[in-house]
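Colleague: Listed below are the residues making up each chain.
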Amino acid sequence: MSAVTGRRLTSALFVGFCGLSVLMALVPLAFVLFFVVSQGIRSLNFDFFTQMPKPVGEPGGGMANAIVGTLIVTGLGSLMAIPIGIMSGVYMSEYAGTRFSSAVRFAADTLNGVPSIVIGVFAYGVAVLPFKQFSALAGGLALGMMMIPIIARTTEELLLLVPSTMREGALALGSTRAGAVFRVVLPAALPGIITGIVLALARIAGETAPLLFTSFNNRFFTTRLTQPIGTLTVQVFAYAISPY
Amino acid sequence: MGRTRGKGGDMGFRAGTGVFAFTLVLIVLAIGFELSRQSMDSLQKFGLNFWRTSTWDPVAGEFGALPFIWGTLYSSVLALVISTPVALGIAVFISELCPAWLTQPLVFLTELLAAIPSIVYGLWGIFVLVPAVRWLETSTPDWLRQTPLFSGPPLGVGMLAAGLILAIMVIPFTSSVAREVLKSVPLAQREGAYALGATRFEAIRAALFFARTGIIGAIMLGFGRALGETMAVTMLIGNNPQVSASLFAPQYTMAAVIANEFTEAADELYLSALVEIGLVLFIVTLIVNGLSRLLIWSMARPGKPRVFVSTVPAAESAA
Numbered sequence: 000m001s002a003v004t005g006r007r008l009t010s011a012l013f014v015g016f017c018g019l020s021v022l023m024a025l026v027p028l029a030f031v032l033f034f035v036v037s038q039g040i041r042s043l044n045f046d047f048f049t050q051m052p053k054p055v056g057e058p059g060g061g062m063a064n065a066i067v068g069t070l071i072v073t074g075l076g077s078l079m080a081i082p083i084g085i086m087s088g089v090y091m092s093e094y095a096g097t098r099f100s101s102a103v104r105f106a107a108d109t110l111n112g113v114p115s116i117v118i119g120v121f122a123y124g125v126a127v128l129p130f131k132q133f134s135a136l137a138g139g140l141a142l143g144m145m146m147i148p149i150i151a152r153t154t155e156e157l158l159l160l161v162p163s164t165m166r167e168g169a170l171a172l173g174s175t176r177a178g179a180v181f182r183v184v185l186p187a188a189l190p191g192i193i194t195g196i197v198l199a200l201a202r203i204a205g206e207t208a209p210l211l212f213t214s215f216n217n218r219f220f221t222t223r224l225t226q227p228i229g230t231l232t233v234q235v236f237a238y239a240i241s242p243y
Numbered sequence: 000m001g002r003t004r005g006k007g008g009d010m011g012f013r014a015g016t017g018v019f020a021f022t023l024v025l026i027v028l029a030i031g032f033e034l035s036r037q038s039m040d041s042l043q044k045f046g047l048n049f050w051r052t053s054t055w056d057p058v059a060g061e062f063g064a065l066p067f068i069w070g071t072l073y074s075s076v077l078a079l080v081i082s083t084p085v086a087l088g089i090a091v092f093i094s095e096l097c098p099a100w101l102t103q104p105l106v107f108l109t110e111l112l113a114a115i116p117s118i119v120y121g122l123w124g125i126f127v128l129v130p131a132v133r134w135l136e137t138s139t140p141d142w143l144r145q146t147p148l149f150s151g152p153p154l155g156v157g158m159l160a161a162g163l164i165l166a167i168m169v170i171p172f173t174s175s176v177a178r179e180v181l182k183s184v185p186l187a188q189r190e191g192a193y194a195l196g197a198t199r200f201e202a203i204r205a206a207l208f209f210a211r212t213g214i215i216g217a218i219m220l221g222f223g224r225a226l227g228e229t230m231a232v233t234m235l236i237g238n239n240p241q242v243s244a245s246l247f248a249p250q251y252t253m254a255a256v257i258a259n260e261f262t263e264a265a266d267e268l269y270l271s272a273l274v275e276i277g278l279v280l281f282i283v284t285l286i287v288n289g290l291s292r293l294l295i296w297s298m299a300r301p302g303k304p305r306v307f308v309s310t311v312p313a314a315e316s317a318a
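Same order as they appear, the protein sequences are chains A and B.
Every letter in the first sequence is one number past the one before it in numbering that gives the first Met the number 0, and letter 134, counting from 1, is 133.
Every letter in the second sequence is one number past the one before it in numbering that gives the first Met the number 0, and letter 79, counting from 1, is 78.
Everything labelled a hint here was simulated from the structure, so no lab data went into it.
Don't take every hint at face value.
Not the full set, but computed from the structure, chain A residues with beta-carbon under 10 Å of chain B [said to hold, decoys possible]:
hint: 1; residue: Ala171
hint: 2; residue: Val180
hint: 3; residue: Ala201
hint: 4; residue: Phe236
The following residues of chain B were derived to be distant from chain A, with all beta-carbon distances above 12 Å [what the hints assert, rightly or not]:
hint: 5; residue: Arg36
hint: 6; residue: Lys44
hint: 7; residue: Asn48
hint: 8; residue: Trp50
hint: 9; residue: Thr52
hint: 10; residue: Leu72
hint: 11; residue: Thr137
hint: 12; residue: Ile164
hint: 13; residue: Lys182
hint: 14; residue: Pro185
hint: 15; residue: Thr212
Away from chain A, derived, C-beta distances all over 10 Å, residues of chain B [to be verified]:
hint: 16; residue: Ala20
hint: 17; residue: Gln43
hint: 18; residue: Phe49
hint: 19; residue: Ser53
hint: 20; residue: Gly63
hint: 21; residue: Trp100
hint: 22; residue: Trp134
hint: 23; residue: Trp142
hint: 24; residue: Glu190
hint: 25; residue: Ala205
hint: 26; residue: Phe209
hint: 27; residue: Arg211
hint: 28; residue: Asn239
hint: 29; residue: Ser245
hint: 30; residue: Ala258
Bear in mind that the values here come from a model prediction, so they are computed numbers and not experimental data.
Just so you know, even glycine gets a beta-carbon here, dropped at the ideal spot from N, CA and C.
Extracted from the complex, chain A is given alone in its bound form (with noise of 0.2 Å):
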């Protein structure tokens, strides 16, 4: 009797414990969104949208040279990585089973892994100092990379979800392959994908390690994208470690 007492017991504690580790993830959540919002909030005013930075340590000014920076690197990165993102996740799904698409699931997971500090380093190598220059193009072709794999899984685990009756349909009606795929599946994807394609700019957009020596920083406001510029987060790294 006792043994079935303790057997309850210690399944009623790991019980406990699970929901005590919810609990535990979503007090940091709740402690770090509190934070920004209650400390961020007090400079969030219209001058932080249109106004330049001032020194560090006098009040006023704003980040509209880094929004403006944040908002072209990131373009830069989804002009890059979209096309390649879909065309990949199609090549996925369409030949699911061959070699050469477990290889290139293999790699999208693969560089989806890659440290992002990493994928900052090696576009330094190939866009930075072959120009001697610190520019956007290097920062968006950064970001650019970790979208990528990004974008290809999704599209590849949504156009799998499509019901192959609307393949088949199409095929039966004569179309080809590539006419199946662009005018039927991937436009009943599209919308799944889309959202993965936003979730992965969200993500991107909060990236600051591949931007540290590829965009660089600049307090400037500029939008040549063949010179260093200044994005959000850098700026608050910027600040950050600055002794102020």
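Chain A is already provided as a structure; the job is to place chain B on it using the hints.
Modeller: Frame of chain A; chain B shown alone:
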């Protein structure tokens, strides 16, 4: 329709999309190639000594990366020790215990942890976590402070702060994959256990045991994430290259040294040494991630959809 038909058109489609797919493979190879090329100087000059010595003196041209390897491994293992029980607890709670209406909100909230940028974690760490850790350090009793694990001045920044922030950041990755893996355990496994009179804990333990390879894969995936995490760690670990067992000591990681010193690396040997650190980080994460994926994939049996191993939990909930 007057369009290219038949095999010719299909081959064109295959080749066209295949070229894009091949760029993915190409990028991974290019990273390995480029990093090796850039680190040639340092590889040739120091050889294996690079990883055995711990003098990091850019002015004298002496580069030993042992403290960075140590710091990366220490902080990642620490993060793993803290995060694994919590992440598995979350996975079990969401997939096995909680009422159906709570599943989606909890999935969303726990995965929101992965959506917060590293730099924001770092900022929060500096202003909230570090003071908390400092308080913890000053209130540690003296006899405990004598032990190597807790020695050193109470700075706040250091291994413990870094390990804690890493643990928080890794939790959503481990828990989301573990949840997917648990989902792939046949219901009959649990029903069988219940039929034999098992308690809830015993039934879930059976399911966890059944899914063990995938669970280990999930943990390794988190480990891979922790190894390469840069910004938050850079801001919290104290950036002091030393090999210390102490949780309270400021230390340094491979990713952090690259982030801090790359733009300052004036001469070629210095840069090359930093790239070599990047190369090793690349290879190590490649191995850890590769292994974790093999383990997770081995969970998917024929006729069952493959477990979706997205390392982007948020993207998964969109699917």
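Colleague: None of the hints should be skipped; say for each whether it holds.
Modeller: Hint check:
Hint on Ala171 (chain A) is violated. Least Cβ distance to chain B is approximately 14 Å, over the 10 Å limit. Interface restraint check: Val180 (chain A) against chain B, minimum CB-CB distance 7 Å, threshold 10 Å, status holds. The beta carbon of Ala201 (chain A) is positioned within 10 Å of a beta carbon in chain B (closest approach about 7 Å), and the interface hint is therefore held. Evaluation of the Phe236 (chain A) hint against chain B yields a held restraint, the C-beta minimum of about 6 Å falling below 10 Å.
With a least CB separation of 8 Å from chain A, Arg36 (chain B) falls inside the 12 Å interface cut-off, contrary to its annotation. Every CB of chain A lies more than 12 Å from the CB of Lys44 (chain B), the least distance being 19 Å, so the non-interface label holds. Every beta carbon of chain A lies more than 12 Å from that of Asn48 (chain B), the smallest distance being close to 22 Å; the non-interface claim holds. The Cβ of Trp50 (chain B) sits about 17 Å from the closest Cβ of chain A, beyond the 12 Å cut-off, so the non-interface label holds.
With a cut of 12 Å on Cβ distances, Thr52 (chain B) stays outside the contact zone with chain A, its closest approach being about 22 Å. With a minimum CB-CB distance of about 14 Å to chain A, Leu72 (chain B) clears the 12 Å threshold, and the non-interface call stands. With a closest Cβ-Cβ approach of about 21 Å to chain A, Thr137 (chain B) is found to remain outside the 12 Å limit, as its non-interface label requires. Not every beta carbon of chain A lies more than 12 Å from that of Ile164 (chain B), the smallest distance being close to 9 Å; the non-interface claim is violated.
Even its closest Cβ contact with chain A, about 15 Å, leaves Lys182 (chain B) beyond 12 Å, as expected for a residue assigned away from the interface. Every beta carbon of chain A lies more than 12 Å from that of Pro185 (chain B), the smallest distance being close to 21 Å; the non-interface claim holds. Taking the minimum C-beta to C-beta distance to chain A, about 17 Å, the non-interface status of Thr212 (chain B) holds against the 12 Å cut. In this structure Ala20 (chain B) is not separated from chain A by more than 10 Å, as the shortest Cβ-Cβ distance comes to only about 4 Å.
For Gln43 (chain B), the shortest C-beta to C-beta distance to chain A comes to about 17 Å, beyond the 10 Å cut-off, and the non-interface label holds. No beta-carbon of chain A is positioned within 10 Å of the beta-carbon of Phe49 (chain B); the least distance is around 16 Å. Against chain A, the non-interface label of Ser53 (chain B) holds: every CB pair exceeds 10 Å, the least being about 21 Å. At the 10 Å boundary, the C-beta of Gly63 (chain B) stays outside the reach of chain A, the nearest C-beta of that chain being 19 Å off.
Even its closest Cβ contact with chain A, about 15 Å, leaves Trp100 (chain B) beyond 10 Å, as expected for a residue assigned away from the interface. The Cβ of Trp134 (chain B) lies farther than 10 Å from every Cβ of chain A, with a closest approach of about 15 Å, so its non-interface assignment holds. The non-interface label for Trp142 (chain B) is consistent with chain A: the shortest C-beta to C-beta separation is roughly 29 Å, beyond 10 Å. Listed as a non-interface residue, Glu190 (chain B) keeps its Cβ farther than 10 Å from every Cβ of chain A; the least gap is roughly 17 Å.
In this structure Ala205 (chain B) is separated from chain A by more than 10 Å, as the shortest Cβ-Cβ distance comes to about 13 Å. Under the 10 Å C-beta cut-off, the non-interface status given to Phe209 (chain B) relative to chain A holds; the minimum distance is some 17 Å. With a minimum CB-CB distance of about 17 Å to chain A, Arg211 (chain B) clears the 10 Å threshold, and the non-interface call stands. The beta carbon of Asn239 (chain B) sits about 15 Å from the closest Cβ of chain A, which is more than 10 Å, so the claim that it is off the interface holds.
Against chain A, the non-interface label of Ser245 (chain B) holds: every CB pair exceeds 10 Å, the least being about 23 Å. Non-interface call for Ala258 (chain B) relative to chain A: violated, since the shortest CB-CB distance, roughly 6 Å, does not exceed 10 Å.
The structure does not agree with the numbered hints 1, 5, 12, 16, 30 stated previously, though it agrees with the rest.
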